[in-house]
Amino acid sequence: MDQYIIDRVLEEIKKSINGQNPDANLQNSPESEVLEPKAEVKEEKKSDAIQQERSMNVVNDSPAITEYVGCAIGDTVGLVIANLDRHLHEKMGMDPKYRSIGIISGRTGAGPQIMAADEAVKATNTEIVSVELARDTKGGAGHGCLIVLAAEDVSDARRAVEVALKELDRTFGDVYGCDAGHLEFQYSARASLALEKAFNAPIGKAFGLIVGAPAAVGLVMSDTALKTANVDLLSYSSPSVGTAHSNEFIIVISGDSGAVRQSIIAAREVGMSILRSMGQNPTSTTQPYI
Amino acid sequence: MDQYIIDRVLEEIKKSINGQNPDANLQNSPESEVLEPKAEVKEEKKSDAIQQERSMNVVNDSPAITEYVGCAIGDTVGLVIANLDRHLHEKMGMDPKYRSIGIISGRTGAGPQIMAADEAVKATNTEIVSVELARDTKGGAGHGCLIVLAAEDVSDARRAVEVALKELDRTFGDVYGCDAGHLEFQYSARASLALEKAFNAPIGKAFGLIVGAPAAVGLVMSDTALKTANVDLLSYSSPSVGTAHSNEFIIVISGDSGAVRQSIIAAREVGMSILRSMGQNPTSTTQPYI
Amino acid sequence: MDQYIIDRVLEEIKKSINGQNPDANLQNSPESEVLEPKAEVKEEKKSDAIQQERSMNVVNDSPAITEYVGCAIGDTVGLVIANLDRHLHEKMGMDPKYRSIGIISGRTGAGPQIMAADEAVKATNTEIVSVELARDTKGGAGHGCLIVLAAEDVSDARRAVEVALKELDRTFGDVYGCDAGHLEFQYSARASLALEKAFNAPIGKAFGLIVGAPAAVGLVMSDTALKTANVDLLSYSSPSVGTAHSNEFIIVISGDSGAVRQSIIAAREVGMSILRSMGQNPTSTTQPYI
Chain A
1 MDQYIIDRVL EEIKKSINGQ NPDANLQNSP ESEVLEPKAE VKEEKKSDAI
51 QQERSMNVVN DSPAITEYVG CAIGDTVGLV IANLDRHLHE KMGMDPKYRS
101 IGIISGRTGA GPQIMAADEA VKATNTEIVS VELARDTKGG AGHGCLIVLA
151 AEDVSDARRA VEVALKELDR TFGDVYGCDA GHLEFQYSAR ASLALEKAFN
201 APIGKAFGLI VGAPAAVGLV MSDTALKTAN VDLLSYSSPS VGTAHSNEFI
251 IVISGDSGAV RQSIIAAREV GMSILRSMGQ NPTSTTQPYI
Chain B
1 MDQYIIDRVL EEIKKSINGQ NPDANLQNSP ESEVLEPKAE VKEEKKSDAI
51 QQERSMNVVN DSPAITEYVG CAIGDTVGLV IANLDRHLHE KMGMDPKYRS
101 IGIISGRTGA GPQIMAADEA VKATNTEIVS VELARDTKGG AGHGCLIVLA
151 AEDVSDARRA VEVALKELDR TFGDVYGCDA GHLEFQYSAR ASLALEKAFN
201 APIGKAFGLI VGAPAAVGLV MSDTALKTAN VDLLSYSSPS VGTAHSNEFI
251 IVISGDSGAV RQSIIAAREV GMSILRSMGQ NPTSTTQPYI
Chain C
1 MDQYIIDRVL EEIKKSINGQ NPDANLQNSP ESEVLEPKAE VKEEKKSDAI
51 QQERSMNVVN DSPAITEYVG CAIGDTVGLV IANLDRHLHE KMGMDPKYRS
101 IGIISGRTGA GPQIMAADEA VKATNTEIVS VELARDTKGG AGHGCLIVLA
151 AEDVSDARRA VEVALKELDR TFGDVYGCDA GHLEFQYSAR ASLALEKAFN
201 APIGKAFGLI VGAPAAVGLV MSDTALKTAN VDLLSYSSPS VGTAHSNEFI
251 IVISGDSGAV RQSIIAAREV GMSILRSMGQ NPTSTTQPYI
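Respectively, the protein sequence lines represent chains A, B and C. All the letters of the first sequence, read from the start, carry residue numbers 1 to 290 under the UniProt record's numbering. All the letters of the second sequence, read from the start, carry residue numbers 1 to 290 under the UniProt record's numbering. All the letters of the third sequence, read from the start, carry residue numbers 1 to 290 under the UniProt record's numbering.
Calculated from the structure, these hints are not laboratory results. Accuracy of the hints is not assured; some may be wrong.
Note: identical chains are not told apart, hence a pair may lie in one copy or across any two.
Restricting the straight-line Cα-Cα distance to at most 30 Å, the calculated cross-link-like pairs of lysine-lysine (DSSO-like) are [said to hold, decoys possible]:
id : residue 1 : residue 2
1  : Lys97     : Lys166
2  : Lys97     : Lys205
3  : Lys227    : Lys97
4  : Lys227    : Lys91
5  : Lys122    : Lys166
6  : Lys166    : Lys197
7  : Lys197    : Lys91
8  : Lys205    : Lys91
9  : Lys97     : Lys138
10 : Lys205    : Lys138
11 : Lys122    : Lys205
12 : Lys122    : Lys97
Please model the complete structure; the sequences and the hints are all you need to start from.
See below:
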């Protein structure tokens, strides 16, 4: 184990034992070490609120730039650009009529952010420009994402990003993590433009997403889902097909809303059972909703 | 450092100090915090056995589903599907004659699992359908994998998965890990179908795999291996050629069995020397066998 | 959290508390546990120097092989091969006139190593053969790299690698890391062959590289950079364009040297502001130089 990490852990533990927990906002910086005692005392009261702060927007003293909208679970940040630079606009191949863009991008998760963006485009006058997946999750088996929305007016773009960030607590509900892997389930009674862009989902129909990592888990879950109810298999992804080489097996299903839900629930039971058999205990960081 | 991790570490340390080590199976879950004291006492005896449990199959109380075969080192899970859903069967482009599949998939390692699968197909009436590499290893420089075997009968698929899982302790023997990277060596006196599928290895001939990370280490090892003995270079892989963008340089060699072994041993010495010069001490998690 | 990690942390903490910090070089190995007390005492004095040792070349007792040149920050290793094996030479499609190669490869960072290689080819009689990016950074959002230089004579290759390794402390100066992501800025008053190979930079002109992770951060930084001064946008990269699926948005700019610097500085302010608004505190591990 890296000596640096050990030293940091030791240091943090000493601080925690002394009840002098500096603000979580400063955890990653050497500056936290040169904080004068006064600052630490001031922050002492915050220590029990830190855990709760994790998945919420964090406010600090430095004045935020106008592009900043907020942040949320999964290290997701929401940003807007009122008038995208024309060279970048052109290189990115965007439709000239859209000058303003909204951006949603996280280190952990693609499904939750895409679902959230789907709600955002339903609720606002915006369009999905692109959905890109990164091989990320901070050492986990899955994806991070970059989603770009466009609008003619920056207030629409901002509103869409706000809606998406608010949705994330819900859309992370059926993401179950553990050391060996993760499971993810998404359900929408009515798919909209983000789901069409990302997964070719038929607009207006019920939509389901089933993900399992390591990939074998997802494959067995997918098999169960498809046998459980009469749903359409829109696509599958695996480490070398349709993913950014993530260690996941993913299916996207569509159909009658009851059938889609039933398939997802059956897949979830199987996935949970496999990970538990591996000695894991997959848990949601927020609140399951399916 | 993330406050959440700090809190978890602190909590675990307190538990460990008190000798109340909850079962490793529950480490990843908030539920571990609500365990009643009785359960913890019951599990106290297990604490010294935990380390050893890590690379072994773990049994827990929830009844395993029939698809579950077992798990092993590298977060590898082995599963079977008796009768693969026909839509998935079709999308995955599988030969219609195979209804049953066996699946081996791990977070860490591709070589060890492929070698293990190679022994499995030698020992059973199964075929290799696909070998996919994920960019994984839980933050390390290498791969995870998804290997699909097919059989006409589910008992054959299950047997193959069982054989492969049992082989993994051996095939992980010459995987040497350290903070900066890793080395991997595989040797088979007689390559079979999994090695042919994954690496185009000539069936029946001696086979060697040499991997080094970061990639520069693998490149120098490969050079040494090829100069040491008269072996055929079947292929090389690097971050942008033939890998899932892993930070590895890999060669696959074939030839006379003595020459292949000699090449591997020379490469291993060079790789060890480089990593040690970097201040690392690469070690095997199981038992070297080459 | 993985029981194994907990156990290791506990063990390291006990050692640290007792002031018996074994040499950082041995941290990753079970052997560190069987060190006789004498060795630990000998190493006690080193413990305060360990932090500082991290980004420096480490020397140990085992005789280094002739291929080993040194190591540096970012788990970067520098190696040479005097006379590359001809089969590998051919497979890698190298120009036959070059027999000697220098290799620079790191787990964390591609920009810093490419900049360092650029200085190396300016200072020596070598050429850049290839620049490959791995999806790495040990669980972070970015890249690792494999850079191959070629020379007719091994002493030139060795010299180039030495120059590059020495440059790394400087070129890591404007890499700012934090838990949620990172920012990277590179500036050269006069681009040379490595920058041309990696980014199609016009040789002899001022060059700038702007990177932000998660990708949304980089996109807003890029927009700001391009609006700040009159620079040419040479290319952009995003998770699915031009990267190894890293969670970054990257632009490469060229132009008048004052304009390029001005763009970079404006982008850096925006990037810092966004990450701070996310509750992060991005910091350089060495010394900013732009």
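How the hints compare with the structure:
For a Cα distance limit of 30 Å, the shortest separation of lysine 97 from lysine 166 inside one copy, 27 Å, qualifies, whereas the shortest one across copies, 49 Å, does not. Only within a single protomer do lysine 97 and lysine 205 lie at most 30 Å apart by alpha-carbon distance; the minimum there is 29 Å, versus 34 Å between protomers. Taking the shortest alpha-carbon separations for lysine 227 and lysine 97, only the inter-copy value of 19 Å comes in at or below 30 Å, while the best intra-copy value is 45 Å. Proximity of lysine 227 to lysine 91 under the C-alpha cut-off of 30 Å is restricted to the inter-copy arrangement: shortest distance 15 Å between copies versus 44 Å within a copy.
With identical chains, the CA atoms of lysine 122 and lysine 166 are at most 30 Å apart within one copy only, with a shortest distance of 14 Å there and 51 Å across copies. In this assembly of identical chains, the alpha carbons of lysine 166 and lysine 197 lie at most 30 Å apart only when taken from the same copy (21 Å versus 43 Å across copies). For the homomeric pair lysine 197 and lysine 91, the shortest alpha-carbon distances inside one copy (20 Å) and between copies (20 Å) are both at most 30 Å. For the homomeric pair lysine 205 and lysine 91, the shortest alpha-carbon distance between copies (22 Å) is at most 30 Å, but the shortest distance inside one copy (34 Å) is not.
Taking the shortest alpha-carbon separations for lysine 97 and lysine 138, neither the intra-copy value of 36 Å nor the inter-copy value of 41 Å comes in at or below 30 Å. For the homomeric pair lysine 205 and lysine 138, neither the shortest alpha-carbon distance inside one copy (33 Å) nor that between copies (36 Å) is at most 30 Å. For the homomeric pair lysine 122 and lysine 205, the shortest alpha-carbon distance inside one copy (14 Å) is at most 30 Å, but the shortest distance between copies (47 Å) is not. Proximity of lysine 122 and lysine 97 under a CA criterion of 30 Å is satisfied intra-copy only: 20 Å inside one chain copy versus 45 Å between copies.
Hint violations for this structure: numbers 9, 10, all remaining hints satisfied.
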